[in-house]
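K.L.:
Chain by chain, the residues:
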Amino acid sequence: MIETQIQSFLPLKTQWFHIMLSLAGEEQHGYGIMQEVLQRTTGKVRLWPATLYGSIKRLIEANLIEESSARPAPELDDARRRYYRLTPLGRDVLNAECERLQELVQAIHTKQTMMTERG
Amino acid sequence: MDIAWPIYRRLAAAFPHEFKLAFGDEMMQTGEDAIADVAKRHGVFGLICLIADLLLRLPIEYLNEMRRDLPYAARTLIKSPGYAVVGIVSMGLGIGLTTNVYSLSWVVLTRTLPGVANAEQLVTAENPASYPYIERYREQKNLFAGVAAVQNWVQFNIALDGHNSKPDRVYGQLVSPDYFSVLGMNAQRGRLLSADLDKTGAPASVVVSDRYWRGRLNADPDAIGRTIHLNGQPATIVGITPRKFDGSLTPSQAELFVPTTVSARLAPELGNDVLHNPSAKDFQLLFRLAPDVTVDSAEAALDGITRRLDKDDPFAPPQQDTAKRVVLLPAGTRVPVPRGMRSKIMGFYVVLMVIIVAIACLNLATMMLARVASRRKELAIRLGVGASRFRLIRQMVTEGILLSLIGGAAGFAMAYGLWALTAHTRLPPGSPIGIDTALDWHTAIFVLVLAVACGIGFSILPALQATKTNVASALKDGAALQLSGYRRFGLRNMAMSAQVAGSMMLLLIAGFLVLGVMDGNSIQTNFDRKTMVFLSIDPVRDGYTPDKAQAFFERLPEQLRNASAVTSFALAEQPPYQPSGGGQFHLKVDDPRASSPVEMTMEERTVGAGYFAVLNEPILAGREFEQRDQRVDAEALKASGAPVPALPLVLNEKAARALFGKDNPIGKHLRGDRRAYEVVGVVPDRRDAGGSILAIAFLPLTRHDFSQPPGGGITIIARGHSAEDALGGVRSVAVSMDPNLTLYNVQTLSEYFELARTAMGAALRTFGGIGVFGLVLSAIGLAGVTGCAVAQRRKEIGIRMALGARKSQVLALVLREGATLIAVGTVIGFLGAIALAKALSAFTTWVSDALSVGVDDPRLLIGAPLLLAGLALLACYIPARRATKIDPIQALRQE
Numbered sequence: 001m002i003e004t005q006i007q008s009f010l011p012l013k014t015q016w017f018h019i020m021l022s023l024a025g026e027e028q029h030g031y032g033i034m035q036e037v038l039q040r041t042t043g044k045v046r047l048w049p050a051t052l053y054g055s056i057k058r059l060i061e062a063n064l065i066e067e068s069s070a071r072p073a074p075e076l077d078d079a080r081r082r083y084y085r086l087t088p089l090g091r092d093v094l095n096a097e098c099e100r101l102q103e104l105v106q107a108i109h110t111k112q113t114m115m116t117e118r119g
Numbered sequence: 001m002d003i004a005w006p007i008y009r010r011l012a013a014a015f016p017h018e019f020k021l022a023f024g025d026e027m028m029q030t031g032e033d034a035i036a037d038v039a040k041r042h043g044v045f046g047l048i049c050l051i052a053d054l055l056l057r058l059p060i061e062y063l064n065e066m067r068r069d070l071p072y073a074a075r076t077l078i079k080s081p082g083y084a085v086v087g088i089v090s091m092g093l094g095i096g097l098t099t100n101v102y103s104l105s106w107v108v109l110t111r112t113l114p115g116v117a118n119a120e121q122l123v124t125a126e127n128p129a130s131y132p133y134i135e136r137y138r139e140q141k142n143l144f145a146g147v148a149a150v151q152n153w154v155q156f157n158i159a160l161d162g163h164n165s166k167p168d169r170v171y172g173q174l175v176s177p178d179y180f181s182v183l184g185m186n187a188q189r190g191r192l193l194s195a196d197l198d199k200t201g202a203p204a205s206v207v208v209s210d211r212y213w214r215g216r217l218n219a220d221p222d223a224i225g226r227t228i229h230l231n232g233q234p235a236t237i238v239g240i241t242p243r244k245f246d247g248s249l250t251p252s253q254a255e256l257f258v259p260t261t262v263s264a265r266l267a268p269e270l271g272n273d274v275l276h277n278p279s280a281k282d283f284q285l286l287f288r289l290a291p292d293v294t295v296d297s298a299e300a301a302l303d304g305i306t307r308r309l310d311k312d313d314p315f316a317p318p319q320q321d322t323a324k325r326v327v328l329l330p331a332g333t334r335v336p337v338p339r340g341m342r343s344k345i346m347g348f349y350v351v352l353m354v355i356i357v358a359i360a361c362l363n364l365a366t367m368m369l370a371r372v373a374s375r376r377k378e379l380a381i382r383l384g385v386g387a388s389r390f391r392l393i394r395q396m397v398t399e400g401i402l403l404s405l406i407g408g409a410a411g412f413a414m415a416y417g418l419w420a421l422t423a424h425t426r427l428p429p430g431s432p433i434g435i436d437t438a439l440d441w442h443t444a445i446f447v448l449v450l451a452v453a454c455g456i457g458f459s460i461l462p463a464l465q466a467t468k469t470n471v472a473s474a475l476k477d478g479a480a481l482q483l484s485g486y487r488r489f490g491l492r493n494m495a496m497s498a499q500v501a502g503s504m505m506l507l508l509i510a511g512f513l514v515l516g517v518m519d520g521n522s523i524q525t526n527f528d529r530k531t532m533v534f535l536s537i538d539p540v541r542d543g544y545t546p547d548k549a550q551a552f553f554e555r556l557p558e559q560l561r562n563a564s565a566v567t568s569f570a571l572a573e574q575p576p577y578q579p580s581g582g583g584q585f586h587l588k589v590d591d592p593r594a595s596s597p598v599e600m601t602m603e604e605r606t607v608g609a610g611y612f613a614v615l616n617e618p619i620l621a622g623r624e625f626e627q628r629d630q631r632v633d634a635e636a637l638k639a640s641g642a643p644v645p646a647l648p649l650v651l652n653e654k655a656a657r658a659l660f661g662k663d664n665p666i667g668k669h670l671r672g673d674r675r676a677y678e679v680v681g682v683v684p685d686r687r688d689a690g691g692s693i694l695a696i697a698f699l700p701l702t703r704h705d706f707s708q709p710p711g712g713g714i715t716i717i718a719r720g721h722s723a724e725d726a727l728g729g730v731r732s733v734a735v736s737m738d739p740n741l742t743l744y745n746v747q748t749l750s751e752y753f754e755l756a757r758t759a760m761g762a763a764l765r766t767f768g769g770i771g772v773f774g775l776v777l778s779a780i781g782l783a784g785v786t787g788c789a790v791a792q793r794r795k796e797i798g799i800r801m802a803l804g805a806r807k808s809q810v811l812a813l814v815l816r817e818g819a820t821l822i823a824v825g826t827v828i829g830f831l832g833a834i835a836l837a838k839a840l841s842a843f844t845t846w847v848s849d850a851l852s853v854g855v856d857d858p859r860l861l862i863g864a865p866l867l868l869a870g871l872a873l874l875a876c877y878i879p880a881r882r883a884t885k886i887d888p889i890q891a892l893r894q895e
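In order, the protein sequences belong to chains D and V. 1 is the number of the first residue of the first sequence in this note's numbering; add one for each residue after it. 1 is the number of the first residue of the second sequence in this note's numbering; add one for each residue after it.
Worth flagging that the hints you see were computed from the coordinates, not collected in a lab. Careful, some of the hints might be misleading.
Calculated cross-link-like contacts (lysine-lysine; reagent style BS3-like; alpha-carbon spacing at most 25 Å) [unchecked claim]:
#: 1; chain 1: V; residue 1: K20; chain 2: D; residue 2: K57
#: 2; chain 1: D; residue 1: K57; chain 2: D; residue 2: K44
#: 3; chain 1: V; residue 1: K668; chain 2: V; residue 2: K654
#: 4; chain 1: V; residue 1: K654; chain 2: D; residue 2: K13
#: 5; chain 1: V; residue 1: K199; chain 2: V; residue 2: K324
#: 6; chain 1: V; residue 1: K141; chain 2: V; residue 2: K324
#: 7; chain 1: V; residue 1: K40; chain 2: D; residue 2: K44
#: 8; chain 1: V; residue 1: K588; chain 2: V; residue 2: K668
#: 9; chain 1: V; residue 1: K807; chain 2: V; residue 2: K795
The task is simple: from the sequences and hints, build the whole structure.
P.N.:
Written out as structure tokens, the structure reads:
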């Protein structure tokens with residue numbers, strides 16, 4: 001049952017995947033997600049604000065992420081910021097997606113090896 | 001960057017309320033943080049991306065919100081099925097009727113002719129012209145790209161399978177060979193007529209309409225090149241018109257297009273050398289304006305040319321110099337309508353449609369106001385927990401649009417039903433009018449737009465009012481908040497009065513039209529209508545020479561007199577009791593002493609000897625036509641140069657009064673366009689099938705008419721012991737004279753009246769439906785509003801009853817409110833309807849004919865307000881009675 005629910009999200013949309021991947025380690029606020037994605041992809045993927053929050057809204061509605069009540073140390077906190085984290089379902093979906101991508105990469109490797117051997 | 005930030009802020013603020021509640025602040029913050037970074041990394045391009053991203057997401061977020069509104073709206077509607085059903089029915093009726101009016105009238109007025117290129121360049125002249133004039137117009141190459149001559153409504157006896165088959169009677173157009181090139185049209189199959197191929201003396205070629213090809217020739221691909229017989233002469237079908245094209249310049253359907261280059265034996269209309277006679281103004285004109293020529297400049301130039309031509313024509317009637325001789329009308333649509341008239345007719349339909357739609361909307365608005373009053377608590381809670389006012393309004397408007405869309409679908413189905421009814425109505429022969437008004441995608445789009453507009457229209461005001469709630473007091477007091485009595489000018493009361501007024505207007509206008517049409521149908525005859533039959537005969541189109549035809553008609557009366565089955569008979573150009581539509585005739589009193597002689601235009605009817613006797617009409621003064629009047633052959637006399645005696649003329653009372661006042665008209669002389677007349681008799685006025693009394697001049701049938709029968713042939717009107725007897729008598733006489741003659745349009749008078757009634761039935765159904773619609777809707781609306789008022793005032797009524805108010809007093813209290821609304825609405829509606837009717841009477845269409853009959857009918861002027869007010873009071877009474885059943889103890893305990 002849960003397996004089919006997880007599968008129904010795959011493959012994840014690029015923005016969703018990036019957002020969820022940013023939340024895999026620690027809780028983050030929107031701007032933090034944006035910055036992290038930017039750094040991780042060396043500036044290739046930029047989540048523009050409206051797209052970012054639109055995606056966050058839909059991720060919350062899909063129950064993949066949720067708002068976190070934990071706040072950072074008061075001197076670092078900004079009252080306007082909200083922090084998000086993965087839900088258990090979100091974690092499972094992210095794992096499943098990562099597995100799927102790894103299998104894909106595996107398959108590519110095998111192909112490449114075959115091609116170099118032949119060539 | 002300086003500009004980017006304010007734009008960002010504005011756009012971010014425009015996001016839906018729910019979105020902003022969750023992410024608004026953060027999005028601002030992120031934007032503020034990101035904007036500098038973006039500017040640094042990507043420059044202006046980055047900033048543009050930032051803004052574009054907002055612009056793209058904005059509608060997506062709104063649609064996303066609304067996607068959730070729709071199921072919610074559906075659930076609310078399902079929860080109150082009564083409201084939903086009434087709403088859908090009234091919206092459906094409103095939209096259905098409007099669609100019907102739109103598709104029947106509006107589309108006909110505005111849709112361009114099918115298959116025609118650049119229809120806006122086509123114009124026609126109001127008055128027909130003669131062929132020599134048209135040839136002169138054709139020379140004006142700088143004004144016109146083409147000029148064609150058209151004779152409409154020309155009848156042909158068509159035999160598809162050689163000489164021996166029984167011919168059919170069809171209507172066609174006699175057109176100059178360049179007709180189709182002026183229209184800019186290409187053949188669907190074969191070729192259309194052309195000036196190069198269809199020259200005088202060439203074998204006769206004809207084009208048939210797409211409708212005829214499909215209907216009568218079974219879409220036979222080999223029809224091209226087939227030889228048929230028209231009026232007994234061979235002709236070849238050379239082509240099929242484009243789909244749906246069946247003639248221009250006329251609402252009637254033409255099946256055949258015959259070039260004016262055929263012989264006069266094939267088309268007797270061409271006899272008498274009409275193509276070279278400048279006085280035979282037998283042709284309608286179809287001009288294609290040259291590029292960049294305006295209608296006004298073409299009109300002015302044509303006027304000048306016509307004046308010069310008139311001056312050279314010795315037979316041209318003397319005309320007042322100031323009057324325009326040529327008036328051009330746009331001809332790109334099915335029915336050419338004068339330029340000034342068009343906006344008026346459209347105005348009428350717009351008013352009609354607006355009233356219908358407004359009533360339906362007002363009805364729903366009042367119901368919705370009543371509903372939201374009971375939903376106050378729900379709304380207050382939603383406002384209290386943070387819903388925005390805009391959000392609630394949007395929710396309610398979505399509900400309205402959903403209701404209206406379902407109603408629109410129902411309305412479209414209803415319009416389709418009405419159309420199917422109309423389309424299957426058989427029209428009387430002799431009026432080949434049947435406009436193709438299939439509901440197409442134009443109409444579907446019209447319905448969709450109308451439905452959405454209505455949905456927004458009726459729900460926006462109630463939604464605005466309902467959300468203007470003071471949350472705290474609404475939560476405390478719930479639904480029974482307002483005890484502050486009755487607000488005289490509250491939105492709901494005004495909407496209700498407006499609705500009653502609108503219904504009143506619709507009921508009266510519909511009533512005027514229905515009565516007008518019915519009066520027209522209740523034609524009085526001075527004899528048993530089961531005893532009359534009429535039929536047409538046209539020897540010339542059966543191949544007779546003019547002389548032979550003349551001789552035939554000389555002998556016919558004698559033979560008919562000897563037939564025992566026929567008790568009385570007469571010949572005429574048209575059957576009696578036809579709606580107006582005969583020729584127009586301009587007459588001037590011929591009195592050398594008068595400085596400015598009376599002149600007027602009236603209807604012309606050409607009738608034979610004994611016409612009034614066969615109709616049993618009394619002759620008020622003088623005499624009616626006799627056989628000797630028919631022997632006059634004015635054309636022959638004129639040709640021989642002999643003095644032409646004045647032609648006898650019979651006037652009806654209205655015409656006699658208009659021309660001579662109280663003087664005795666007998667023996668007076670009149671001048672028409674081309675000759676002199678002497679009044680020999682006066683007959684009483686009769687309403688025609690259109691319901692109106694027209695001034696009519698009756699002219700005698702002459703030998704000329706017999707040798708050149710008018711387009712519809714000569715009608716024999718006969719009476720016997722029964723119509724069947726009379727018909728048998730006429731048939732046996734005709735067969736004994738020539739078994740090969742075609743007798744057509746055979747009809748008993750009862751059949752004719754029956755058909756006229758069915759034809760009018762379509763109009764009656766539409767207008768009757770409109771009237772009933774108004775009544776039903778205002779009753780529903782009033783019942784709903786009163787019911788809701790009672791529910792709101794439960795507590796107040798309970799207190800009153802506890803204090804000793806009697807049931808009758810409670811009833812009076814509730815009814816008084818309703819009665820005030822009804823009275824105000826009725827009076828406004830009554831005055832509005834009268835004003836509208838007067839305004840409409842300015843037109844010379846059948847609308848005003850019908851209106852003028854009904855407008856001062858006391859049945860309607862007193863009956864309609866009484867009916868509406870009575871029904872409305874009844875609608876108030878039912879909920880008011882419920883008020884008297886309120887148990888004071890329960891009502892007081894409830895809150």
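K.L.:
Indicate, hint by hint, whether the structure satisfies it.
P.N.:
Structure-based check of each hint:
1. K20/V with K57/D: Holds. K20/V to K57/D sits at ~11 Å (cutoff 25 Å).
2. K57/D with K44/D: holds (23 Å)
3. K668/V with K654/V: holds (16 Å)
4. K654/V with K13/D: The given pair, whose Cα atoms are some 85 Å apart, is violated under the 25 Å limit.
5. K199/V with K324/V: Distance ~34 Å between K199/V and K324/V Cα, so the pair is violated.
6. K141/V with K324/V: Measuring from Cα to Cα gives roughly 22 Å; hence the hint holds.
7. K40/V with K44/D: holds (15 Å)
8. K588/V with K668/V: holds (11 Å)
9. K807/V with K795/V: Distance ~15 Å between K807/V and K795/V Cα, so the pair holds.
In summary, the numbered hints that this structure violates are 4, 5.
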